[in-house]
Amino acid sequence: MGYKLQDIFEKAITLSGEERDRFIRQACGDDDVLRFKAERLLDTHESLETYDDGATEEAMLTGLAKPEPQQPVEIAGYQITRPIGSGGMGDVYLATRQLQDVTQQVAIKVMKTSNPRPTEKRRFLQEQQFLAQLEHPNIARFIDGGYTTGQHPFVVMEYVSGQHILSPAFHDLPVRKKLGLFVQVCEAIQYIHQHLIIHKDLKPNNILINDAWQPKILDFGIARSLEEDHTQTMTLALTPRYASPEMINQEPLSMATDVYSLGVVLYEFLTGCHPKDSMPNFLATPDLPSVAVLQTSQEGRRSPARLSRHFKGDLDAIIMTALKADPDERYQSVEAFQRDIENFLKFKPISIKQPTLLDQSIKFYQRHKVATILTTALSASIITLMVFVGLQFKDIKQQRTELLNRQQVILAEKEKVYSLSNAFELAFANADPTRSGNAEVSANDILDELNQLITNDVWNSADSQLYLAMGLGQIYLNTGQHEKTVDLLEPFLNGLDDLPEDNQKALLILVLNGDMASLSRSDFEDQYKQLVNRWPEDAGVLQVKGHWLKNQGDYQAAEEAFAAAFEQFNPEQHGYLNNCYLLAGIRSKMSMFNESSELMRHCLSVASAPANDKSLAWQRTEALNLMANNLGYLNQPEASSALTRQVIEERTAIVGADHLYVTDLYANLGSSYSQLGEYDEAHKMHQRTLAKRIELYGENDERVFMTLYNMANNQIRNQQHQKAIDLLMRIIENIDIYDSKYTVNLSFIFQSLSHAHMQLEQYDKAEYFTQEALRVLLPLDGFTGNKNWSRLVLAELAILQGNLAHGEALIRQIEQGLGEQSDPAFMKDVQRVRAMHKSASATID
Amino acid sequence: MNDMKQAKQEFDQLVEATLDMLKRIARKHKKSHQHNTLQTTEIVHETYLRVIQKQLNHWPDQKEFLIHMAMNIKQFLLDQYRRKVAAKRNHGQRAESFDDALYLAVPDGHANWEELEENLEKLNGIDPQAVELVMLRYFIGYNLDEASNALQISTSTASRKWAFARSWLHAQMSEQPL
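For the protein sequence lines, the chains are W and P, in the order given.
Under the working numbering, think of the first position of the first sequence as 1, with each following residue one higher.
Under the working numbering, think of the first position of the second sequence as 1, with each following residue one higher.
Do not rely on the hints blindly, as some may be mistaken.
Residues of chain P placed beyond 12 Å of chain W at every Cβ, according to the derived structure [unchecked claim]: (1) Gln13; (2) Glu118; (3) Asp127; (4) Ser156; (5) Ser167.
Here are the computed lysine-lysine pairs in the DSS-like style, where the Cα-Cα straight-line distance is at most 30 Å [what the hints assert, rightly or not]: (6) W:Lys11 - P:Lys122; (7) P:Lys74 - W:Lys4; (8) P:Lys63 - W:Lys11; (9) W:Lys828 - P:Lys63; (10) P:Lys122 - W:Lys589.
Chain P side only, calculated, beta carbon under 8 Å to chain W, not exhaustive [unchecked claim]: (11) Ile67; (12) Met71; (13) Arg160; (14) Ala163; (15) Phe164; (16) Trp168; (17) His170; (18) Ala171.
Calculated directly from the structure, the hints in this document are not laboratory data.
None of these values were measured; they are calculated from a predicted model.
Cβ atoms here follow ideal geometry from the backbone N, Cα and C, with glycine treated the same way.
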């Protein structure tokens, strides 16, 4: 008989209404006892189904032992219709209340706890009043609250007819539609947060979607006012499947707590998988949504593979950020979370900078113009690596050739190239502006990414890691970022003794080069001595000395050091041209332009230049460029620009026309044109340099400021003062005027601005900028000439504006401050202004 | 034969170790949250599922392990229930005992555990698979999908059997048994 009852039951629950009744009557026949039992079982089933609103996680200890039907609940003013649900905290009833002629349906939640202390009771009632003020289209309204006659607290809420967000009804919605609904959920939670309440129990069952496709947030059952106890942790029931780690750990809660729960819901809503299923513990990181969804099966048009592709990237990143175990790493507000979802919906960059994979970087190359530009920067960096690293390590390579057989060398080289290109690609992907949400990615960003990779990644080969680190260190040196060189390379000093001797030397030299700017003379000399003791008369060591002396402004001694280094090379050797370049460079610095160029020309003519050696070809362009600059200094703009054009041509052949090291040369051409009085042509040249620099460095960069400044001076020479002002103001808008490295330059910019305004007879503005220039200069030692010149300009401006007394006072002040041996040119200027004052006074008299 | 004996021994050790671990976790939580029975339960549950899952992976016959584990837990809870009833008789004082934490986790009131034990046995006579299902859902805390997977039956079968078992047990344990 037992079997029969079960069969009848199992069949009957698949039927409904009359069909079911008919089936039962037929199956039981005359057996009234059986029919009675079947009907009772079915009744029990119905009532259990009503309770079982999908809360499977509560199955263990509450799923079966559901309360027997409670004693009827009575709440004054409300007519209880039927129970509609039950949770850990209490039972929910559908009820109606009569408001004049209108019958309103409401949901009443009656808590299980009872016998409250008077303080708790008062607080509960206050809270209900507070909650009743909240009104938002996406939250279920609080209507009332109080205590039943049995002293159970109850709350009355708007009754929402709908299904919870994870109901099968919504499974097959398109992702964008789902996200649209979810954005509304976020809005509701934001609204709650604005009222300083954390929901604390966000889960699918509390997020309904009503018949009008409107999400409604239910149940602030355990929400408490943030204001009152934001340090307190929650003390009531929660749903661990949706609870944040800080909740489970009973740590202080914040709005990020709700972000986490929303993240879990969104994860499940989109993928159909629960994130905690792939988390070995509650602090772990779940599978990416794009990975999780692959484990689901195909349902209708919803192909897991297609969804996975859709989630990959931004959606993965958004959800994973919401699910960070550390609340500080999460979105700090639901608003930020929502904004990124909306950014995704609008195809805009999201706010998270995420580490991405190689394949994404490839996609990125294809998709974006910025990428192409930066690809050139990338090849620039590789070339630079080739050039500089090549120089440093050529000798090591040669020795290795003797030690290893050819095959091994090739393998080692392959390994280097492989790790290099991999590292760059990764660095690139990470700096992808579409992921970083920041359109301006500079070459430096990429270098810094590379730095991260070198420092943090696990490397198969310590050799490659060191090789890359030294290469990057050299790039940092070349771009003046000395601290970064030191930070990057210092860790490798720990393992110094294990390195081959040549690597030891190269590493020490690089670090010392990096330290140079910050070391005192005695410290530098100490360290330098150690190098000299180990490798006396070594060319690399001598170079360090030369660089140091050059930085100290002791060009004479620097020249001697570079000359001593140069002597060790013969034209057959790889370092010959580079050392020659250093020596010629310092001679140029010493204004020995002809000597510099002669040396360079000689070296170029005797150096052996194997075909296809890009690094040598590159060095040749540097040599020619030095010579072109020398010609510029020698006031031979035509010869200079001709040579510069040759450099451009040769470099273009190596790195392409769009490369920074090519476009920067246009600035030199511009200076030549400016010298020749061809200002418009000069302007065009500068513009080419400017465009590239902005692309790579952003507007806010000293190299960009420098170009703008040169362009402005070109315009001043061209008598286009307004254009000059516009260019200079562009600098002022972007420069950090509080950065001390700009102080002196800033005074020059102000002086140029003042000059241009003066030419336009805008004396008040001219006066303002000169005052600014003076204000910047005054705290500095020295710069007496500049300070005096500014004061003189102020005097001139005072006179021009008719303020003769003030002008007179200023002139007197300048004259008093001047010594016997003042600059005659300046004295002449003072006399000129004095004469101006005189004639102005005469006119007035 | 020896192998089987050894396997059985290992298995019992595993079950015992798991239970010990659960008790330790429960006690730890109990200490930090004196007044928080409900939450303790939930957290114990959460942790417990993970412990079970972890052990499960080391065991070749997962179904055997789960059912055995469920029976142990059921026995444990039943013991707790008996102690609780006894303690209540002792002027309502709670004995501060070794297993205090899980003692608290035993649901209050509604279920009579002795009766449940009895009825599970009766149900076993009707549909042993339904009992296994109840064991996994009730004492392991699996949801329907997980349970049907473990028992290697289809979800629809599991769902029907679960509906029946649940309704049948409820009806049996009401004031008027079937």
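Which of the listed hints are not met by the structure? Violated: hints 3, 4, 5, 9, 10, 11 and 12.
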